[in-house]
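Model the full assembly from the supplied sequences, consistent with the hints where possible.
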Amino acid sequence: MTATALIRAGAPQGARPFERFLLTAEAWSRLPAALAGDPSLGLMALWAEPGMVHAAFLAEAGGTVLLASAPAEGGRYAALSPARPGAIRFERMVRDLWGLTAEGGTDLRPWLDHGRWPVAGPLSGQPAPMPGAEASQPAFLPVEGEGIHQIPVGPIHAGVIEPGHFRFHVQGEVVVRLEARLGYKHKGTLSLMLGKSPRAAAAFPARLSGDSTVAHAWAFAAAAEAALGVAVPPRAVALRAVMAELERIHNHLNDWGFICNDAAFAFPHARCGWLREGVLRAAEVAFGHRLMMDRVLPGGVATDIAPGGAEAIRTALAAVEAEVPALLRIYESHASLQDRVVGTGYLDPAHAAAFAAGGFVGRASGRRFDARLVPGYAPYDLLAPPIAVEAGGDVDARVRVRVAELTASVMLVRRLLAELPEGATMAPLPDRAGEGVGLVEGFRGECLAWLRLDEGGLIRGAFLRDPSWLQWPLLEAAIEGNIVADFPLCNKSFNCSYSGVDL
Amino acid sequence: MLWPRLARALLGRPLTGAAPPVPAETVAALGERLAATARQRLGRSLAIREVDSGSCNGCELEVNALQGVAYDLERFGLRFVASPKHADVLLVTGPACRNMAEAMERALACTPEPRWVVAAGDCAVDGGVFKGSYAVHGGVGAVLPVDLLISGCPPSPTRLLEGLLALLEAEAPPARVRK
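Protein chains in written order, with the numbering used here: chain A, 1 to 503; chain F, 504 to 682.
Treat the hints as calculated values from the structure; they're not laboratory data.
Don't be surprised by glycine CBs; every beta carbon is placed ideally from N, CA and C.
Mixed in with the good hints, there may be bad ones.
The following label-pair restraints were derived from C-beta to C-beta distances [unchecked claim]:
id, chain 1, residue 1, chain 2, residue 2, range
1, F, Ser586, A, Gly456, 49 to 57 angstroms
2, A, Gln126, F, Thr519, 52 to 60 angstroms
3, A, Glu476, F, Pro648, 50 to 58 angstroms
4, A, Leu141, F, Cys613, 37 to 45 angstroms
5, A, Ala158, F, Val572, 18 to 26 angstroms
6, F, Arg609, A, Gly423, 48 to 56 angstroms
Listed next, the stretches of chain F that the computed footprint assigns to chain A, with coverage defined by at least 3 CB atoms under 8 angstroms from CB atoms of chain A [to be verified]:
id, region
7, 550-556
8, 560-570
9, 611-624
10, 637-645
11, 651-659
Among the chain F residues that face chain A by a calculated CB cut under 8 angstroms, a handful are [unchecked claim]:
id, residue
12, Leu518
13, Ala573
14, Phe579
15, Phe583
16, Ala585
17, Val632
As structure tokens, this is what we get:
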């Protein structure tokens, strides 16, 4: 039996638009072996509720999302990590938050729980108090060899970036193994969403990862709207897409500049920073917030585009469009810069596929996946963006994908603004039960949101999955064999979110 | 190519914006916190160490924007440094996450006195939307002694600049502080 058939044989639970199938614990335990023989089913996420484990899969061929669940009898469930390496960190997280153990898991060390919370298993339904518990020292994977030494970095880094610990095992100048230890920014986001209405909880996806605030808020809103069967007014759909594309543009510009800066080439950094500032100022004029935070809400958008907003956006984008070709020429024609980015931080397409890595990380290693196209959602069904795929897998390939995408996004915004439908920008939300999934392509990759509402329309279960979950482990693979000095460059070319995975 | 460029440079205005006005009350309040000796030692320049104690990274985006051509923080004598050991200011963003508390305390211990601690952003002010979570202590003030609060979610670069300039003004000799 294939993994897909095994899942579909479960009892449908009525999740929309992607069905969730409830498997018996026995059927779930056959899932790892079935997955091992079925590489076309990519693992997107693994999370839980008290006593119940959930997984989201992407059927790569048809582009559909498939959810599977099983009861965790006695607090245990069969681990998926032997078949899907991307499951490892999810399994560690599930144990820390819900107290459920992945039986046969590849790695059972704690992840988010650093031993500093007042409770253990905060989402398990019956968290155990941990008064005065001593935080344990983290254990890192061992490395053996002649002349190996360690470089510990963080949690506080030298730049203005998020906190996390990187443990490098180095031989001479070469990185033998990098292991990231994250979780420093764990804020208990999921616990704060429980018991709230989707409208009241929307502040949390908007702050899961500030650079992707629009994408996560949209995915969450889409999940709530699917759960409640609410149709979003066309004008709100178009405005969401305008904001999401502006978010893509400002982040791609920012990171392109920073990558050049990390190779000691400051000019593109200065210019990209200036162009990005123009985009953010236009966003403030149009939507009242530079990062467009809290603008996408379940049911629609918080405010209509301001008078003069479209013009401000067009002006900012004209400046971007005028300068990007010149910046690209500069990027390509300086040997010192090319020397740093070409061949650096190579991510094997096989790894990208095994982890089902989305976004520019996957697309720069040949994985042709963009959630706007497949499974697809409005308004991109009528406005299909071109997909940029590179085979290089290095820092340069990731830059090239992003430059191509930002250029495409400029065109998308122009068209969206030109054809902006008239009408309402918010639909009312009924208070009733339902279960929904949202999948929205942010600048980093696909953002997934799942939520389950009770009879009163309040959130009983929720999960927000940043694409970084499947990209962080690949950074560790990409840096192997590179020199320590190239780590900032590799790291910035991935630009994974810390807050997004720390929850 | 050269002549048009030269003409543009001569006639065009700089990209960098003007400095925002600094609220006098904030300056006065900060001035009172600072001993005369400390004022002498800090002078009219500040080295800032940014510490993210658990933000959503929205604050980091705006703090980074301060360093770009549009805001050009360094023209005021303000600059970011890589270590708290070199810093006069800890600029802290995000709620005080329990998993970050030890790192925050260590960063403070490494920062030589006299020093300022600035809590930037609504989360840093009082925990923001994450207030009451099992995973956070609250605002930055729950872990570190805070001298200045800058609100906003996230605070815009202009708002951040206002706050940081208030620190500089507070360090000016008392006669120069406009009442």
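Here is how each hint holds up against the structure:
no. : hint                                         : result
1   : Ser586(F) with Gly456(A): 49 to 57 angstroms : holds (51 angstroms)
2   : Gln126(A) with Thr519(F): 52 to 60 angstroms : holds (57 angstroms)
3   : Glu476(A) with Pro648(F): 50 to 58 angstroms : violated (38 angstroms)
4   : Leu141(A) with Cys613(F): 37 to 45 angstroms : violated (29 angstroms)
5   : Ala158(A) with Val572(F): 18 to 26 angstroms : holds (22 angstroms)
6   : Arg609(F) with Gly423(A): 48 to 56 angstroms : holds (55 angstroms)
7   : 550-556                                      : holds (count 4)
8   : 560-570                                      : holds (count 10)
9   : 611-624                                      : violated (count 0)
10  : 637-645                                      : holds (count 3)
11  : 651-659                                      : holds (count 3)
12  : Leu518                                       : holds (6 angstroms)
13  : Ala573                                       : holds (4 angstroms)
14  : Phe579                                       : violated (17 angstroms)
15  : Phe583                                       : holds (6 angstroms)
16  : Ala585                                       : holds (4 angstroms)
17  : Val632                                       : holds (5 angstroms)
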